[in-house]
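Visitor: With this note's numbering as the guide, the letters of the sequence shown map in order to residues 29 to 220.
The set of hints was computed from the structure by calculation and includes no laboratory data.
The model shown is predicted, which means the values in this text are computed figures rather than measured ones.
We put the beta carbon where it would ideally sit given N, CA and C, even for glycine.
There are no misleading hints in this set.
Label-pair restraints from in silico Cβ distances:
no., residue 1, residue 2, range
1, Pro107, Arg71, 47 to 53 Å
2, Leu74, Arg110, 41 to 47 Å
3, Gly155, Leu116, 36 to 42 Å
4, Lys82, Gly155, 17 to 23 Å
5, Pro62, Ala98, 26 to 32 Å
6, Asn129, Val70, 21 to 27 Å
7, Trp113, Asp69, 45 to 51 Å
8, Glu103, Ala173, 23 to 29 Å
9, Pro107, Pro186, 21 to 27 Å
10, Leu212, Gln126, 41 to 47 Å
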Amino acid sequence: MARLAGILSLAAIVLIGPAAMAHVETRRAEAPAPCSREDTDVRGFLDCLNGRLKASEAALERAVEGTRRAIEAREDLQPAQRKRWGALFEESQSRFGQWRNFECQGIAPFEGGGAQRTIGGRLGGIGVMEGRMTCLTNHNEARAADLAARYAPPQGWPMPAAVDASDTAVSPPAAAEPAAAPPLGAVRIIAP
Numbered sequence: 029m030a031r032l033a034g035i036l037s038l039a040a041i042v043l044i045g046p047a048a049m050a051h052v053e054t055r056r057a058e059a060p061a062p063c064s065r066e067d068t069d070v071r072g073f074l075d076c077l078n079g080r081l082k083a084s085e086a087a088l089e090r091a092v093e094g095t096r097r098a099i100e101a102r103e104d105l106q107p108a109q110r111k112r113w114g115a116l117f118e119e120s121q122s123r124f125g126q127w128r129n130f131e132c133q134g135i136a137p138f139e140g141g142g143a144q145r146t147i148g149g150r151l152g153g154i155g156v157m158e159g160r161m162t163c164l165t166n167h168n169e170a171r172a173a174d175l176a177a178r179y180a181p182p183q184g185w186p187m188p189a190a191v192d193a194s195d196t197a198v199s200p201p202a203a204a205e206p207a208a209a210p211p212l213g214a215v216r217i218i219a220p
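Given the sequences, and given the hints that come with them, work out the whole structure.
Guide: Structure, rendered in structure tokens:
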């Protein structure tokens, strides 16, 4: 009996393996191209990094939502077990977010070579933004891939519906109305 189970497991791996690899290759093809400082100006480079970050956040959110659905779909578990598993997953996702944010906000700027020291010894410059955004993107992509490997159906997570560009267009801010009267009280000058 154990031998039959081993043979069936091997057959499943052989049959499912190519489909899983095709899914991974499809996801890689959908990933945005890497950003390069040499090909564009600073603004274009930061826009590229921001686009990659948003794509990684969308992929992570899709993986998290798919994981929630996969846990809820497990009919072999009691409702209390599914609820407990879901709560533990939510806790682990929350802790991942806290760790990722701490890592990318506090540590990543020191690891990259592009940061510059500014007044007060703080790090500044485009290298800090690059380090943070690259760190966030890499951790989001790794977490999404981990969740997909553990919970995704064989055909992968469903893709979100296409968003109409007019829905995401940013409108210019409305003109601010002038203050009716100046603030009351004495003016205080705060010295450094």
